[in-house]
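Which chain is which? The protein sequence lines are X and Z, in order. Residue numbering for the first sequence follows the numbering used here, beginning at 1 and increasing consecutively. Residue numbering for the second sequence follows the numbering used here, beginning at 1001 and increasing consecutively.
What the hints contain is simulated information worked out from the structure, not anything from laboratory work. Each hint should be verified, as a subset may be incorrect.
Using 27 Å as the maximum straight-line C-alpha spacing, the simulated DSSO-like pairs for lysine-lysine come out as follows [claimed, not checked]:
no., chain 1, residue 1, chain 2, residue 2
1, Z, Lys-1376, X, Lys-92
2, X, Lys-92, Z, Lys-1468
3, X, Lys-25, X, Lys-92
Predicted model only: the values in this text are computed from it and were never measured.
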Amino acid sequence: MTTGLMSDIYMFVLAILVGYEVITKVPSTLHTPLMSASNAIHGIVIIGAIVTASQAQTVTGYVLAGVAAFFAGMNVVGGYGLTDRMLQMFRKPPAPVSHDGTKEMS
Amino acid sequence: MNVVTVAVDLAYLVAAVGFVVALHLMNSPATARKGSRLSWMGMIVAVAAALTGVIHDGTITTTGWVVLSVCGVGGAAAGLAMARRVKMTDVPQVVSIFNAVGGGAAALVAAGDFVRLAGSPGISSRVMIATVLDVIIGPVTFSGSLIAAGKLQGWVSSRPVVFPGARLITAALTVIGIGAGCYLLAGNDSTAMLILVVCAALAFGITMTMPIGGADMPVVVALLNSFTGLAVAVAGFVIDNGALIIGGALVGASGGILTVLMAQAMNRSVLSVMMGGFGTGDRGPAAGPAAAGAGASIRRITAEDAAIQLAYAGKVIIVPGYGLAAAQAQHEAAELAALLAEHATVFFAIHPVAGRMPGHMNVLLAEANVPYTDLKEMDAANPEFPTADVALVVGANDVTNPAARRPGNPVSGMPILNVDQAKSIIVIKRSMGHGYAGIDNELYTNPKTGMFFSDAKAGLAEITASVKALVAS
C-alpha cells in the first residue's frame, strides 16, 4: 500500500477522467439510481475505517474508528440496498411484440 | 513487498475495475442492475482484502476488532433498514444522509490518522495536507447534507433561510477554517487546532446550505454527492490507499457532472444556486406587472372535457412535474397511461429537473409500473410533440413555458419541453400560481390549452374514471 504521492495523483486524475467518460453516457432516466450507486461506491471509505481501527491504540482512536465504521457501514450497505431496490423497479414493457404496431406506424 | 501485500493491492484493483464497469453498465436500464451487482461484488472483494491486510499486519488489538465489528454491523443494519423502508418520494433525503455519513467517515479516517501520529515526528507534509483538506471537506459535506436532508424531509424550512450578517458569518468561518488549517500545515500538529477546523467546517456546511431554497435541491444534492466523493478520495491520500482514491474520484466526477447538468436544466449557474435566496416559489412584488396576468384569458375545462379529448386521441404525451411528485400522484398517472395505451400511443416526457433530485421522476413512475421504454428524456421527447394529439401536463410549470425561447425573462434559455407544439394541451394544476421562476406561463393562455384546476392526484383519478365511462359506453 505504499504507492507514493505521485502515483496517487495519477490515479486520482485518471479516475476522474474515466468517471467523466463513463458517466456522461448514463441516460437521465437513470440519474437517481446513478447517484445512489455512486453513493454506494463512496462507501469504499469503509476500508479507511478498517485501517483506522487496525491502528487505533487510544480511547480517542477507538471512538474515531468506531464512529467511522458505523457511518461507513451505513453508507455502503444502505447505498447498495437502495440502488438495487430502485433498479429492480425499472421493468421492460410486458409484451414487446404483440399489438404494439402503432409505434412503427407513426 | 510480500505476497499478501501484493494480493491485497491486486484485490483493490479488481474492486476499482468493478466500479468502473458497473458505472458503464448504468448506461441502459436493461443492464443497470447487473452493474449494481458487479459494484457490490467489487466492494466485497475490497473489504475482504482490507481485512486480510489488517490480519496480516497484526497491529489491530482485540478492542479494535470489537469496535470495528460492532459499529460496522450496527451501521450496516441501520443503512439497510433505511434503504428498505424509504418511500420512493423520500429517496432524496436518504441519498443525502448517505452522503453525510460518507463525508463524515472520510473526515474521521483523516482525524484518526492525525490523532495517532500527533506528537510523533512522522507526519509527512503530504499526509498533513491531505488530512487538513479532509477535515474541511468531510465535515462541510456532513453538516451540509444533513441540512439538505432536513429541508427535503420538511424538518428544516425549505425556504431560503437568510438572516442579516449570514454572509459575514460564512466569511468568518472560512477565514477561521483556512487560518487554523494553515497553522496545522505550518507543522504544528495541535489537536485543538484540528478540532477548531472541524467545527468551523461543520458550521460552514450549515450556513452554506440554509440559504438554498427547496427548488434548488437537485443541484445541492448532486453537489454534496460530489463533495463526498472528493472527501473519500482525499482520505485515500491520507492512508495511501488506491481503492479509496479511485472510488472517491469516480463519485466526485459523477456528482460534478450531475451538478452541472441540473444547474443547466434549471437555467442557473452553480454559483448562483450556492449564493441562495431563490427557489421559494412566487417572488412577490418583483413579478408584479406580469403576475397580474388578468389580461390574457384562459380556457377552463372539466374532467369530462379532458377525458373526451384523451379518449379519442391517437397519441398522448404526459408531462409530469414536481406537482405530481408532491401530490404523490404517480400511480394515478400510470393508471391513466395504461388505460389510454389500450387504444393510443402514450409515453411520458420527463424534464431533467422534474422531481427533487436528478432523475427522481423516472424512479417514481417506474415504481408505479410504467415500463422504462415509456419514459422519454427531453431530447427524445421534444421531436414528438408536433405529432401528439394531446399533451397532458401534470404539475409542471416553468419547464413548459414557451417564453424560455425568447430573451429577456427569468426563464430565457432554459431547456423546455415543447408542449406548446402539440395539437392540443391539457394542464392539470391547482391554481394559476407561478412556478419557481415567478413569471406567467404563456402556455396557459395558448388557445389550444385547456386548464383543469385540480389537485394532481384527484384530478387524474377523475379523468381516468371519465375515460373508463366513455370507453365502456
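query = Broken hints, numbered, in rising order?
reply = Those not satisfied: there are none.
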